[in-house]
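Protein chains: 2
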Amino acid sequence: MYVAVMGYGTVGSGVAALLRKNHELIRKKSRQESLELRYILDLRTFPGDENESLVTNDFNLILNDSEVRIVVETMGGLHPAFEFVSACLAAGKSVVTSNKELVAAKGMELLRIAAENNANFMFEASVGGGIPVLTPIIQCLAANEISEVAGILNGTTNYILTKMFDEGAGFESALAEAQRLGYAERDPSADVDGIDACRKICILADLCFGREVAPDSFYVEGIRNITETDVEYAKALGGVIKLVASAEKKNGGENVAVCVSPAFIRNGSQLANVSDVFNAVLVRGDAVGDTVFYGRGAGKMPTASAVMADVIDCAVSMGETKPYGWSEAPDGYVLPDDEFTSRFFVRAACGADKVKEVFGSVQQVSFEGAPQGETAFVTELTDKASLKKSLADLGEIRSVIRVTDY
Amino acid sequence: MYVAVMGYGTVGSGVAALLRKNHELIRKKSRQESLELRYILDLRTFPGDENESLVTNDFNLILNDSEVRIVVETMGGLHPAFEFVSACLAAGKSVVTSNKELVAAKGMELLRIAAENNANFMFEASVGGGIPVLTPIIQCLAANEISEVAGILNGTTNYILTKMFDEGAGFESALAEAQRLGYAERDPSADVDGIDACRKICILADLCFGREVAPDSFYVEGIRNITETDVEYAKALGGVIKLVASAEKKNGGENVAVCVSPAFIRNGSQLANVSDVFNAVLVRGDAVGDTVFYGRGAGKMPTASAVMADVIDCAVSMGETKPYGWSEAPDGYVLPDDEFTSRFFVRAACGADKVKEVFGSVQQVSFEGAPQGETAFVTELTDKASLKKSLADLGEIRSVIRVTDY
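Protein chains in written order, with my numbering: chain A, -16 to 389; chain B, -16 to 389.
Note that these hints are calculated values from the structure, not bench results. Please note: incorrect hints may appear among the correct ones.
Which copy? The list can't say, so a pair holds if one copy fits it or any two copies do.
Stated by the list, open to error - Pairs of lysine-lysine residues, derived as DSBU-like cross-links and limited to a Cα-Cα distance of at most 35 Å, are as follows:
| hint | residue 1 | residue 2 |
| --- | --- | --- |
| 1 | Lys233 | Lys305 |
| 2 | Lys11 | Lys372 |
| 3 | Lys371 | Lys337 |
| 4 | Lys305 | Lys4 |
| 5 | Lys305 | Lys337 |
| 6 | Lys146 | Lys283 |
| 7 | Lys89 | Lys337 |
| 8 | Lys89 | Lys11 |
| 9 | Lys283 | Lys367 |
| 10 | Lys11 | Lys232 |
| 11 | Lys305 | Lys283 |
| 12 | Lys339 | Lys283 |
| 13 | Lys232 | Lys371 |
| 14 | Lys218 | Lys337 |
| 15 | Lys372 | Lys4 |
| 16 | Lys89 | Lys305 |
| 17 | Lys4 | Lys232 |
| 18 | Lys218 | Lys305 |
| 19 | Lys4 | Lys367 |
This is chain A alone, in the form it adopts within the complex:
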């Protein structure tokens, strides 16, 4: 059996390297007499690369080679990835991708094309890098009604927040360090503004609850506004601030509340100890309770590990489409932001009396050296519409950060 890789960047070259390194093990587990890389699609050339001879810029070579039964898509972006992947699936080839943008936007459609052509479309690597999470959710937690899925899904922002917590760095300097180390792009917005985490929580919600969640249908906030002062307050509260992406079933499954935003997590939670570029995903099931999957959420070899697991799965399942149970959602499935319910940490430029007048007796937070002229506190459980109304009565608001119960 032959495999093609489309896109010879970090992940694509990792896939080729891993197939070479653990070739015998991978071939055996694929239950194939041979499993070889035949083409690498890329517009660039790679003189001197060990796979130089496999590189082509002609997609049709892959599409029309009937011996290529599995295609790995690691190009990234929506176009031409979507066109290439749909063409491969329509030709009955199975496709494995690490491209979260593609899966979040077009996953349901590509799964349909795969099913119509007796092929598989698999994307374990699109969420949590090397961490096994999608297969465990679909297969190992299959007997559970899942009520919530949440996670630290972006390594770049987690690295930055870890720096801010451990070294007291400000956002800008932590970002600069992340860029220097190659953890953040020169244009870091996809990471720091929460776009990457947004795509991943969509995929998780799609699979956990079986209904499509569109990436533009809920509130997404990145970490640009988190300050050193917020960090100090979080420490005083006994926890950390993480960029948390979450999706929770509401109204018996009729709705889902989805959110990407900075969030307070108490120390002692399995998610609080997730540092640097590591990721973790928490899944809450009615039988299993809380279970957490932790590991490297990005990087060449960890991501290749997840891609190759799917390649093996495709090889073993050849000719039989695995059902993902991901279907269209009715209008209004995703709750509007105003109805999002949580406890919130708030810093307001007013006195404690004013806070008590508006919010009643709430938990106040302080630390030595806290800014003068403000009151910091944690609200009771409230929806955002009510919160906004109450905050309008307090005057200048310096921070609003949700407080999780994980």
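Let chain A serve as the given structure and place chain B on it in line with the hints.
Chain B in isolation, oriented as in the chain A frame:
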């Protein structure tokens, strides 16, 4: 399709309850028109129980009913579980078990019988309760050479150690509390002496490395000897003491070093934050790096969650045996204890000079109120044979606890 449950104790009744609660979801994911519980094998009767009418004490009823395609074994113990399970497999029925004693001792043999009869033998629930761990290892990390697997695999001892750390309780009073809450048996030895963790690390090693590790072939030490003083030293060292079961490939896979013993874990490790009855398993792969699976390692519904996932898998895979790659090991595969290598925390009734004379400049540990007349320190990496020799020169030894690098 019909299912039978053998053993209507905690786990067996959980399986029946979960099948009832999430019946439609489980049936759909099993891709069956019907999926019903037909028999419950137990010597006891259960007057008034919702499944009373299904209870039988006649194993042959199950064995000879050709419509029963999947049998769940939740009886525990080796006999008659082994005889019943082999008979079911020999009859072409798939078997799912939560019985770690059975799997650790007879897993390879039962997998062989399953394969010969085109059936499946599955045992996700035998390690880590509800936590998805065996399937992720086999399937999601399939492209990795796994070098090490380690974990906190016993909830009872972890509850006791958490009590000792958080509340300063002694071992005996923490054990009594665990017994009062039903976390520990009246005879707690299987848990506190490490026997349960021993069986589980065998199963993990069998699957991670593909070669059989016998439960009596390596060093197993429980937590009875951990004192309040050890706890204080661990805190001073910046970590916790957990009952850690681990298996590490040595000499390029020719050998494996396996151990169950109390171990020091630094704060900040994903394993340090695993509290109370929770479990966690760390798997170290060459591509994925470290990945950790966390959740409820025991209990009625979490364990039922893992059992039912296997039942669904058996239903979907009917007629096709899943390979586990678990084969016999050559003699001498498991390293003798003398060759086990680690850093060790030691408390010796001697002065610091004597320690320096024997061990060179090692890291010393102390805390306010530490016992007089002893020196506590952490050795460099050493094998146990050398350690024993050096310790003999120090005089009375009060504690030896290995120090992990997870």
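Against the structure, the hints:
1. Lys233 x Lys305: Close inside one copy (28 Å), not across copies (37 Å); limit 35 Å.
2. Lys11 x Lys372: Neither: 62 Å inside a copy, 45 Å across copies.
3. Lys371 x Lys337: Within. Shortest intra-copy distance 16 Å satisfies the 35 Å Cα cut-off; inter-copy 67 Å does not.
4. Lys305 x Lys4: both (28 Å within a copy, 25 Å between copies)
5. Lys305 x Lys337: This pair counts as neither: shortest intra-copy Cα distance 57 Å, inter-copy 65 Å.
6. Lys146 x Lys283: The answer is within: 23 Å in one copy meets 35 Å, while 41 Å across copies does not.
7. Lys89 x Lys337: neither (49 Å within a copy, 69 Å between copies)
8. Lys89 x Lys11: both (32 Å within a copy, 25 Å between copies)
9. Lys283 x Lys367: Cα proximity of Lys283 and Lys367: none, with 39 Å in one copy and 37 Å across.
10. Lys11 x Lys232: Answer is between; shortest inter-copy Cα gap is 20 Å, intra-copy 41 Å.
11. Lys305 x Lys283: Both: 27 Å inside a copy, 30 Å across copies.
12. Lys339 x Lys283: For Lys339 and Lys283, the Cα distance exceeds 35 Å both inside one copy (51 Å) and across copies (44 Å).
13. Lys232 x Lys371: Within one copy only: 23 Å inside a chain, 57 Å across chains, cut-off 35 Å.
14. Lys218 x Lys337: within (24 Å within a copy, 42 Å between copies)
15. Lys372 x Lys4: For Lys372 and Lys4, the Cα distance exceeds 35 Å both inside one copy (59 Å) and across copies (41 Å).
16. Lys89 x Lys305: Classified as both: same-chain Cα gap 17 Å, cross-chain 32 Å, threshold 35 Å.
17. Lys4 x Lys232: Answer is between: at 18 Å across copies they meet the 35 Å cutoff, but 42 Å inside does not.
18. Lys218 x Lys305: Neither way: Lys218 and Lys305 sit 45 Å apart in one copy and 49 Å across, limit 35 Å.
19. Lys4 x Lys367: between (51 Å within a copy, 34 Å between copies)
Violated hints for the displayed structure, listed by number in ascending order: 2, 5, 7, 9, 12, 15 and 18.
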